[in-house]
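Please take these sequences and the hints and turn them into a complete structure.
Line order of the protein sequences matches chains Z and A.
In terms of the numbering used here, the first sequence opens at residue 232 and continues consecutively.
In terms of the numbering used here, the second sequence opens at residue 815 and continues consecutively.
Heads up, some of the hints might be wrong.
These stretches of chain Z come out as covered by chain A in the derived footprint (C-beta under 8 Å, 3 or more residues) [as the list claims (entries may be wrong)]: (1) 370 to 377; (2) 450 to 456; (3) 477 to 486; (4) 562 to 572; (5) 716 to 726.
Read the hints as simulated data drawn from the structure, not as lab findings.
Since the structure is predicted, the reported quantities are computational estimates derived from the model, not experimental observations.
We put the CB at the ideal spot given by N, CA and C, even for glycine.
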Amino acid sequence: MTTVVEPGPKEELSEELDETWHAPRGLGEWISTVDHKRIGMRYFYTGMVFFVIGGVQSLLMRMQLAGPDLELLNPEAYDQLFTMHGLTMMFLFAMPVLSGFGNYFVPLMIGARDMAFPRLNAFGYWVLLGAGIFMYSSFFIGQAPNAGWFNYVPLAGEEFTPGINIDFYTLGLIFLGISSTGGAINFIVTIFKLRAPGMTLKRIPIFVWGELAMALQIVFALPALSLGAILLTLERKFGFHFFNTEGGGDPLLWQHLFWIFGHPEVYIVALPGFGIASAVIPTWCRRPMVGYTYIVIGELAVALVGFGVWVHHMFAVGLPNVTVSFISLASFMVAIPSGIQVFAWLATLVSGRPKLSTPTLFVLGFIIIFVVGGVTGVMFAAVALDQALHDTYFVVAHLHYVLVGSAVFPIFAAIYHWGPKMTGRILNDQWGKVSFWLMFVGFNLAFFPQHILGLLGMPRRVYTYEEGLGWDALNLASTIGAFMLALGILVTFVNWYTSKARGPVAGNDPWKGETLEWYTSSPPPHYNFVTVPTVKSREPMWDQPELAEGFQAPPDGGRSLTGGHVTLSTSMLDARPQAVVHMPHASPWPFWLSVAMTVLFFFLLVEWWILAIVAFLACVSGMVGWYWPRNQTQET
Amino acid sequence: MAGDTHALTIAETGMPGEVLPETATGPRSFSWWGMVWLIATEATLFAILLASYFYLRFRHGVEWPPEHIHAPKLELPLIMTAILWSSSYPVHLAEKGIEKGNQRRLKWGLAAGFLLGAIFLFITLAFEWPETLHEFTPRTNAYGSMFFTITGFHLSHVIIGLSVSLFTQFRAWKGAFDERRHVSVQNFAMYWHFVDVVWLFVLLSVYLSPHLE
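Quick look at the structure:
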């Protein structure tokens, strides 16, 4: 029975909420939890494990390329390594970690008690884990995907790659797409419907806008990849014809499908990174972001224009001039909304009082690296230059500047900025700075020479090169830089683990931040907020004394919302309270469903159709169990 | 708290004087929005699939369907269209019925919609596909692959819709819905209408467009 609680001290309310939201401990609870913070941490740690794996792969490749004619890796191993490196960093590191921060912080920043669909959230994580294990199991039989992360046909077709390498790729990405799509829909609905009362569109934190832009891109871009992977599976396994010319297909169709997804994918990884920068900068500059509206419009514009530029990955294919000119123009256009954001960050830094802490340094590093990558990006929008440098190391340098710049450096800024909220302990700032300088110098040493290597004509994806081409010193420098970068990353990992155990206690708000995640304890309780705050400003923690000064009893401190496993549903535009929504409880079914799906995909891979049908029935049982009405929510 | 929420309809929030409904339907509920975005991503999937069809067609050249395959016969597909589209109406009636608390209309509307959808499924599997397979298969050429992939994608959505319908009907018979609690019915109806709208584009592209010179 939901009742109003007499405004009382914090302990009384917390006790009641603890009772409602707390779940029993144990293995059963571990697999069935739907707490967005625990799921967010799992996304984060899992993504970081894959980051290490993908990083080791890149170090192996750099060792192979450190000098001419080395024989550490054979060509087949090298192919598998660069393919899995790309897949891992994109799909198993960047997207999960950025979704992890989104999972952890979006509900906190908008003042909600969980995500809109907590079970879907848990399911998304388990599917990610299942798909990651699925793709990596290919290594155990020595048949990892080996046609590059964009997997062009005809190389990836049955004729030229008859093994099951490519089937790991196609089935793995179809499987993983389920997780990403569900997660994206969850973000969109959460941001539309679960914002604290008073958080109108103009008061949504920019990080949350970034996650929204990312989610919208996933919803509209990912179907192209999933479809391409499905069609390629049908062609490889069942003899359909889509990409092979003999049967009337066309290999270019794959390139279109891949890049209709693949270019937005760059922004799917970049936009949350932009959002992290916009969350870190105001706190450390002690002033609101300059040009809030322009940044938000800029993020959404990047997300939109990002759909119109995919063909710039195909300038060397020989497409009609009109197509190429149009796409070239659109590619130049992306620079405008991106540039607006860069100038807004700079203006905030210049007009504020920036403190050169570790998060600030990582954001500055991000801006510098991203601008370099952006400049080479604008160069690539020019068709003539693109055709000259196509498939050279210049492309490798460009894409690493863009992706490491816009994803890795913001993620490390977030580790130092938000780590205290997640673990309750502050990370060591000195070691953070050591880590930053190693990473920043190491990154530039690793990737800047690759621009020159590209200009000298070194093609990408070669497993070795001959002596005397003038590439030796630059490659050696690149390898040394890669190890330095790895060392810098290692310093932060050690810092994280030692600080987690022994660092200074963070308290609610160690940085005097401006958004709602700093209103609650570190780490927050299951229910996030003892009282759901009422938002009256874009920087509520700075402008609303009743929040900045710690807990206050309702109604001044917000709504108590006790007496049930509930959160508020508010209107989409102006966040007026509309309904009290009973949230789903912990459930083992999402875990069961994802296990059944993992098994199903393995049977599809090896074409054991009878067992695949059994696994499919197990999936159905999972869905029935999940949706079986138990009268726990009112969403019937 | 779990078992007895069914008895409740309104809740106080801790803000003096504020009482909010404990049930949500339509745009006030989370799952309605979830369905909207699921449909958005599924619609994108179909749009890209149909675009791929036309891409292959125009890259192929003048002769379409290729290799002396006849353009699809239209009698059966048009009958199927009439059956499928007429299934949306009882589903709509069911939704409008339960909004007014009319259980009878809910049950009969869902049942009639299910029956018509099942007939569509039956005709496809028993007549339309076997007849087509006499002339070409998915392995014949890209046209055949596309024909069966597109109609197959749509048919899989019909099957999902029918399964959700069964589940919704089961719950309707158990009395899970009333005038305040019926967002699952709304979501099913939205999905079913989507499947019907997609059929319009499948019909135009796969069945009608090959008749255009």
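Could you work out which earlier hints the structure fails to respect and list their numbers in ascending sequence? 1, 4 and 5
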